[in-house]
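Take a look at the letters that make up each chain.
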Amino acid sequence: MDLVVEYNSLLNFINFGELGLMDNAYYPFDTYNLPYAICYRLWEVLGGTIAWLLNLLFPDNGVSRWLIGEGASTLFALILFMLVMFIVVFVCTLISLWMERKCLGRMMDRRGTMVGMKGFLQCVADGLKTFMKENTLPGKIDRMTYMWTVSLVIGVSVLVACMVPLSARWYVVDYDTGLLIIMAFFALAPFFILVSGWAQNNKYALIGGMRAAELMISYEVPMLIMIATTALLAGSFNIGDIVYAQNDTVWFFIPQIIGFITFFFCATAESERLPFDIAEAEAELVEGWQTEYAGMKWGLIMLADYFRGYVACAMVTIMYLGGWTLPFIGDGPIPEIVFLLKTWFVFFLMILIRAALARVRPDQILNIGWKVFMPLSVINLAVVLLLKVGGVF
Amino acid sequence: MDTEAVYQSPSEEEVKTLLTEKFPEVEVTKTEARRVYAKLPREKVLEVCKYIQHNLTFEHCSTVIGVDYVDHMTVVYHLSNYYNGLMIELSTDLPADDLHVESVTCVWEGANWHERETYELFGIIFDNHPKLERLLTPKTYEFYPFRKSYKLRGSE
Amino acid sequence: MSDSLVPVKEIEEKMETDKMWIIMGPQHPFSHGLWTLKIQVDGEIVTDAEPIVGYLHRGWEKEAENRIYPKIIPMADRLCYAASMTYTHLYCMTVEKALGIDIPEKAKYIRIVADEVCRINSHLMWLAAVGTDLGNLTVFLWAMREREYFLDLNVKLCGARMTTNYPRIGGVRNDVTELFDRDILRTVDRFEKAMWDIIALMDDSSIIVSRMKGVSYLTREQCANIGMTGPAMRGCGVDFDIRRDDPYDNYDKVDFEVPVLTEGDSYARYMIRIEEMFQSCDIIRQAVQKIRALGKNAPYRIKTPTKVPAGSAFMRMEDPRGESLMYLVSDGTDKPYRLKVRSPIFTNVSTSKVMCQGCRIADVPAILAQIDMCLGETDR
Amino acid sequence: MTIKYLDKYPKNLAKSLWVVKPSWTVFKLFCKTVAHRPVTVLYPYEKEWVPDNYRGRPGLRFDKCVGCGMCARMCPTACIKLVDAVDDEGKTVKRPQVNMGRCAMCGYCAEYCPVDAMTVTPEYEIAEYTRFDLLYGPRRLNYDKTTPGMEVKLEVTLPSDIANGNPERRVSLFDLDRPELTDSKCIGCKKCAKVCPVSAITMVEKGTNEKTGKPILRPEIDNSKCICCRNCVDDCPKDALEIKEVL
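Protein chains in written order, with the numbering used here: chain Z, 725 to 1117; chain C, 8 to 163; chain F, 347 to 726; chain V, 160 to 406.
Hints are computed from structural coordinates only; laboratory data are not their basis.
One thing to keep in mind: the hints can contain errors.
Here are the computed lysine to aspartate or glutamate pairs in the DMTMM-like style, where the Cα-Cα straight-line distance is at most 25 Å [stated by the list, open to error]:
#  : chain 1 : residue 1 : chain 2 : residue 2
1  : V       : K163      : F       : D628
2  : F       : K653      : F       : E451
3  : F       : K502      : V       : D211
4  : F       : K355      : F       : D394
5  : F       : K539      : V       : D166
6  : V       : K365      : V       : E401
7  : F       : K653      : V       : D303
8  : V       : K206      : V       : D303
9  : F       : K653      : V       : D336
10 : V       : K240      : V       : D393
11 : V       : K163      : F       : D527
12 : V       : K384      : V       : D275
13 : C       : K29       : C       : D78
14 : F       : K699      : C       : E140
15 : F       : K408      : C       : D104
16 : Z       : K864      : Z       : E1006
17 : F       : K443      : C       : E34
18 : F       : K443      : V       : D166
19 : F       : K636      : F       : D448
20 : V       : K206      : V       : E284
21 : F       : K559      : F       : E396
22 : F       : K365      : Z       : D866
23 : V       : K187      : F       : D535
24 : Z       : K864      : F       : D364
25 : F       : K653      : V       : D394
26 : V       : K250      : V       : D394
27 : F       : K559      : Z       : D1087
28 : F       : K443      : C       : E19
29 : V       : K353      : V       : D398
30 : V       : K206      : F       : E494
31 : V       : K304      : F       : D498
32 : C       : K155      : F       : E451
33 : F       : K642      : V       : D334
34 : V       : K312      : F       : E396
35 : V       : K344      : V       : E379
36 : F       : K642      : F       : D598
37 : V       : K312      : F       : D529
All chains should be modelled from the sequences, with the hints used to inform the complete structure.
Here it is as structure tokens:
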């Protein structure tokens, strides 16, 4: 409890002068934004120090005045804000990576990673190792496409991971169509995978890329239907609205239990995790579309995979598990931690599935996608429609 | 195909009498429990093998083995019956200057690789084999390593 | 029909897709060992396959011609790392046959125990490989965990884990150690319980079953003719097991079932192997009882002459992977004149074209896992 | 015996909800391994127990060794070589040296050693930085904690004993084999006496040569000392000695 109290006192310090923050003419958000507030305060300290030092050297200069002005503060606060958002998501992803290694190890009757902090530092070591490798390019590739596709795959994944809000006060943008935008960016990566598979001049990569495309096409549709269903139930595409709608009634996995299971599997497939990782099926396709990427590129692709896995879990949490709210408590003192715990719980389910199941064959994946998940999502929609018409929600 | 009676699980004695009656050239040298050892001239190999496969229902060809006796070479076939576990060992001698024998791949598909192996290691040519190429050794090899004339370089 | 209309068939011919050769191996995650499988694919469907072996050709048979008889036993271990005991056993049996001697009862039963432990080892290794080929690493690690207990048994028996060098011409290397029978019975009991967990992971998972069911169908005649042997053959309906139908050592004195299925698909081959592990447990129990009954001081190894009389002899045995056969020609010296090994996988892998045709790329590892590749004995 | 697995499977998987049972099995093991430790051993820090007869590197008891070279003769990888070594009394003697880079750990040297000087040892961590370091000289082959369990006894029963209805008797492979002299071939060169590691061979005068007047020397073998190492047989220039196998 002490920790919570301390955290709250810290927040109170940051919230100090909240109104002042909001009164800033350049304030980029509509509502209170915690990371921005942190960054703003941080810049007030940093920028104020710089301005003061400059002022000591050149008394009463314009730069100092500009640095503590409203516009410059907002600008630098936004730059810090980007950094903070990325670092938080990065650490969350690293934790889920560590969790996967550790839990998977225990499920397989082994220990998982062992280096430092119960194996957490192994992620850091692996990252450093891949980053320090030589940047090799295979011959006879389409070099341009090869490079920009992988950059885009990674970039889009990081972008979409950062766009997931952790609470009502922790977000990047608060669109009315937030869920759709996340979904749109989430579904963008397979296109680049297809192109990159072609650009590598490798038969395995080509087949892997085509598999990624077919996987995406067949799983996008049920996913979108289920997003629409949730939006129908909540009456909005806005993430905050969806979460608070669940807080007001019940978590949505109760009325749409079919949808929850189906969406969970679809999300697993979309993030190309085992059992649905046919695009990089290592048994037959070596490493699928990543075959020709080595060193840092491969490390970043791996990280991007976990970013996508994190986003998939976050979407399940937002849509079905009540987001950052808890029943009877609502937002609570630290909604961000609640949200992350729920996300990691969903990720644990994914790890469980990964440990228990084998890889599905491509034609079976398409069959499951079109013949099982598609009808199930439509049934789910029908159930929700009945509930809505019946006036339960 | 021979249209004679089919013996599904012949005993050792039956195999001996049937083989020697049908093919006077075949010489059954020895019989043991579930084992029949026979010798035959190389011209008759395919004919006898067809008879053994179709009429005595020896469905499985275990091996085709080459042995280099310096003055001649021997090809040994091990054929087995899936109904009573009987095995026939057919051996045929090839003169050293004319290493040709009819392939039995058309009778047992399983003999394919064994014949290829015997060809590449001993230089015994199996006529009418669908694909008589080197299998284990590189395609650029020009000698037959398992012949006695091929000495190992190092000594123990 | 007017000339402007192009016949449908012609259009179909024109629209035929390009076929692509994919070379899988020798460094490929699916090839357990050094071999290459060239597959021709039409989209995702395999239209042709050609296995290429020989990367590990060491001239084993030629090498054996330059060694005295006892020195070939450690070499026979290295034919197959997973089934070393059976190859050593087979070699010793062949030499014994050429010598015309009969070995003590106890040695026969110890060999049976060692063989069946080796069979379980090998099958668990195969199960692990099937797990990874189908994309489930948990099966791999669980199977390897079970295998470890049997490797420990090997250590207790003869001091080595994999290359056991245990059977000898005329018997076995050493007597069973004290408490070995207790250890082995415990291990077997434990294994039978633990096996159901792995089965729950494999057979109760609809994904694994659906990936193996109905692929690479072979008829009984086809299977016998292309020379496939072992569990793969029994999965196709050939009711034949050398241990039962052509018994060697004392296999006719132990009681066991030979599982046979007529489905002929990949899943049937899988099921046969799983059942064989349970049957091996039964055989081990009976043989251990027999060893106990023979008493502590029963002879387990007889002295054999160093020179083998001239002549030829062959023996065959039921390897974990199929029928293995050794043919020995002796010229009366202490070195063999010719020693030929018939490896089951050498023939089984030549059938991969028949098995892979018409399947999908993703099926190829699942199908070839059922062959249980081991390149040491294939290339020799 | 009964079929145990095939009568239960394949079963209708829809009844067990397709993928629920494997997931549940994995989850059970997860709970178990979180509460207890997993089955894996943290190798460099903890090691598995190995029995005495574990076949690690070969070990040599210097004092017991007679330098007969049986190990070098039986080694399948030819990694054993007899080298000169200085024993405790300052004499130069022949002792085996093992090239561990080639050793296959088959245990033949321990098995065929007639005096049980060679043993197997449970030492398996023998990685070195250079190939030269892998050469184990006679002194380095010594293993401090040698126990009787590390000796490999070559116990065999004679087929003739079994035929006589006395199968209990076990002897070493070398107990009864003795080299036998073909008198007409022997030239009396004393080579066998020189190479005999246990000095079981003495040259005995058997009369004088009629033409030259020199004494005729013939080896005489002390059966109680002979260990049947075959050195005399191998080194005989005229193949006059031959091992007579007792079966």
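Hint by hint, here is what the structure shows:
no., hint, result
1, K163(V) with D628(F), "10 Å, holds"
2, K653(F) with E451(F), "24 Å, holds"
3, K502(F) with D211(V), "9 Å, holds"
4, K355(F) with D394(F), "23 Å, holds"
5, K539(F) with D166(V), "17 Å, holds"
6, K365(V) with E401(V), "20 Å, holds"
7, K653(F) with D303(V), "39 Å, violated"
8, K206(V) with D303(V), "19 Å, holds"
9, K653(F) with D336(V), "14 Å, holds"
10, K240(V) with D393(V), "16 Å, holds"
11, K163(V) with D527(F), "23 Å, holds"
12, K384(V) with D275(V), "15 Å, holds"
13, K29(C) with D78(C), "30 Å, violated"
14, K699(F) with E140(C), "17 Å, holds"
15, K408(F) with D104(C), "22 Å, holds"
16, K864(Z) with E1006(Z), "23 Å, holds"
17, K443(F) with E34(C), "23 Å, holds"
18, K443(F) with D166(V), "39 Å, violated"
19, K636(F) with D448(F), "18 Å, holds"
20, K206(V) with E284(V), "11 Å, holds"
21, K559(F) with E396(F), "23 Å, holds"
22, K365(F) with D866(Z), "23 Å, holds"
23, K187(V) with D535(F), "21 Å, holds"
24, K864(Z) with D364(F), "21 Å, holds"
25, K653(F) with D394(V), "20 Å, holds"
26, K250(V) with D394(V), "23 Å, holds"
27, K559(F) with D1087(Z), "14 Å, holds"
28, K443(F) with E19(C), "19 Å, holds"
29, K353(V) with D398(V), "16 Å, holds"
30, K206(V) with E494(F), "14 Å, holds"
31, K304(V) with D498(F), "22 Å, holds"
32, K155(C) with E451(F), "39 Å, violated"
33, K642(F) with D334(V), "22 Å, holds"
34, K312(V) with E396(F), "50 Å, violated"
35, K344(V) with E379(V), "15 Å, holds"
36, K642(F) with D598(F), "23 Å, holds"
37, K312(V) with D529(F), "23 Å, holds"
Of the numbered hints stated above, those contradicted by the structure are hints 7, 13, 18, 32, 34, listed in ascending order.
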